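S.K.: Sequence:
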Amino acid sequence: MGATTSGKRGEARRAASSNSHIQREVFGVILIALSLLMLLSLLSFVPGEATVVASGDPVAHPPRNLIGSFGALLAGGFFYAIGGAAYLCPLLLGRWGIRCFSQVPMSLELRTAGSSLASVVFFSAFLHLEANGIPTMTSGIIAQGIAGGVVGGTIAEGLRTVFAGTGAHIVIIAGFLVSLLLSAPLSLGEAVRRIPQSWATVREGAVALIPERSIEVEKTVSNRRVRGKSARSATLSDEDESVAGRDQESEVISGLPAPIIQPFRVVHSSRDVEDTDLEVVVPARESEDYRLPDPEMLSDPSGPLDRMSDEELKAQSEVLSRALRSFGVDGTVTEVRPGPVVTMYEFEPAPGTKVARIVNLADDLALALKAISLRIVAPLPGKSVVGIEVPNRSRETVSLREVIMSDAFRRARSRLTMALGKDIFGAPVTADLKTMPHLLVAGATGAGKSVSLNTMLLSILFSAKPSEVKLLLIDPKMLELSVYEGIPALLAPVVTDMKQAGNALNWAVGEMERRYKLMSKMGVRNLAGYNKKIADAAVDGELRGGDVSVHLGWRMEL
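When you line the sequence shown up against the working numbering, it's residues 8 to 565, in that order.
Keep in mind that the hints were calculated from the coordinates and are not lab data. As the structure is a computational prediction, the values presented were derived from the model and not from experiment. A portion of the hints provided could be inaccurate.
As the list claims (entries may be wrong) - The list that follows gives simulated cross-link-like pairs (lysine-lysine, PhoX-like), each with its CA atoms no further than 20 Å apart:
1) K506 - K441
2) K484 - K506
3) K361 - K377
4) K539 - K441
5) K540 - K524
6) K472 - K456
7) K506 - K524
8) K361 - K321
9) K429 - K472
10) K506 - K539
11) K390 - K441
12) K441 - K472
13) K377 - K321
Claimed, not checked - Cβ-Cβ distance ranges computed for the label pairs, FRET-style:
14) A515 - G84: 56 to 66 Å
15) L320 - S459: 22 to 32 Å
16) D430 - K528: 11 to 21 Å
17) V458 - L188: 50 to 60 Å
18) A454 - V490: 17 to 27 Å
19) I494 - L446: 17 to 27 Å
20) F170 - L95: 23 to 33 Å
21) L427 - P300: 26 to 36 Å
We treat Cβ as the ideally placed atom computed from N, Cα and C, and that holds for glycine.
Given the sequences, and given the hints that come with them, work out the whole structure.
M.R.: In structure tokens:
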């Protein structure tokens, strides 16, 4: 019985809540409609029309107000009461109507409505103080010198009697701000703090409206200037010189080195085609005597450290087989693969043995082999065996020189190839950063994050010239990347100030967006396809689109 009563009460509360919500929405629609009617009435107000409508025949003298007689009377009444502040009323009504569709409590809505009404009254008083006695105000009753209407004039004159003109201004402005803060969810302090950000947004928007300077094409030039014949002659124009000067003067980060820029004007064979903006991002020219670092300067790889002999590996295999048999798992070790850090034992279980039984014995096998831990790969891909990785007694130190001088690294075509180390079998491991959307390095303290990061950077520096790869390094700790300060491949000095880091990252975002636009214009999906298309067009003489400004270097401006 009690449960039934409780359920009925819950249904009644939900029904009441639903009805209340519907009532709020209906009220909101009515308020929005009234705000639109009032706005149109005020905008189409004709001075003196309200008096004619009130005393005359609206059929014989139809009002010119967009809302008819009702609009003429409504606008005339509001202008008479509060003057120019009447224009705030439809805005506040519309805002109140929209808020009725939210879940704001009604008590808060009433407080907001009262504060909004007070702000209108104070604003009308302010208009009266500013425009009282000026006979050239725009319309109707305002032209009679009471821009704030009867209400605003009464309040303003009363305050002027008590506080004089200056004091009345202070009181009215303070009252307007207080009522505005109570009626709107805003903070003056937050508004002041956002002024610099708003100014930056406006400035960026203004810069974005400036049309692109010219059709820019950046392509690799090997130690010689672009020379052409009559149809491909390249001459340096005064306009390009001024543009290049502005490029070098603009700085995104304080202390950014000036980019290497070689602007030219290239005239290609004329064809009946539509002009197309092209812009190519390719490396700048470095000095002729620049050479890549020699891997020989790296430390020699240390020799094998106490590697296990074949006899020891065979004995360890027998120990592993006996340990598995003691746990009821029959089989044989078919192959042993010693590596620099771990040794892989390939164990072939007897037919009918479940792999899960072997996986669950990892801790027991580590105890039997006197190992700190071991890893079981069950099964090995492409084989009918289970891989058991056991740590070596002594770990080898993997040398960067050994990996960089390996065939896997030397044969890599990408300039962003990174040497990562060796796999468990001792084979060099490399990766192409170009194929990775993102690269995150994570790990516990002492796991080798700094070593891996420096290895990746050095791999790029050993295979790419400064004209081929540029680095933008941000080092909040001021310890990890300071050793790279001053190298030619740096796009900017190593950033350690977080305020400057924001500027650097903003430049990077702008550069990414610029490249996306260029690839979109060329109809390609990646930089490799873009560079190939431009290189082929340059060789075949098919670059079209009028004058093309060849921009060699890295654009530093946003």
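S.K.: Which hint numbers does the structure go against, in order from smallest to largest?
M.R.: As far as the earlier hints go, 1, 3, 6, 7, 8, 9, 10, 11, 16, 21 are violated by this structure, in ascending order.
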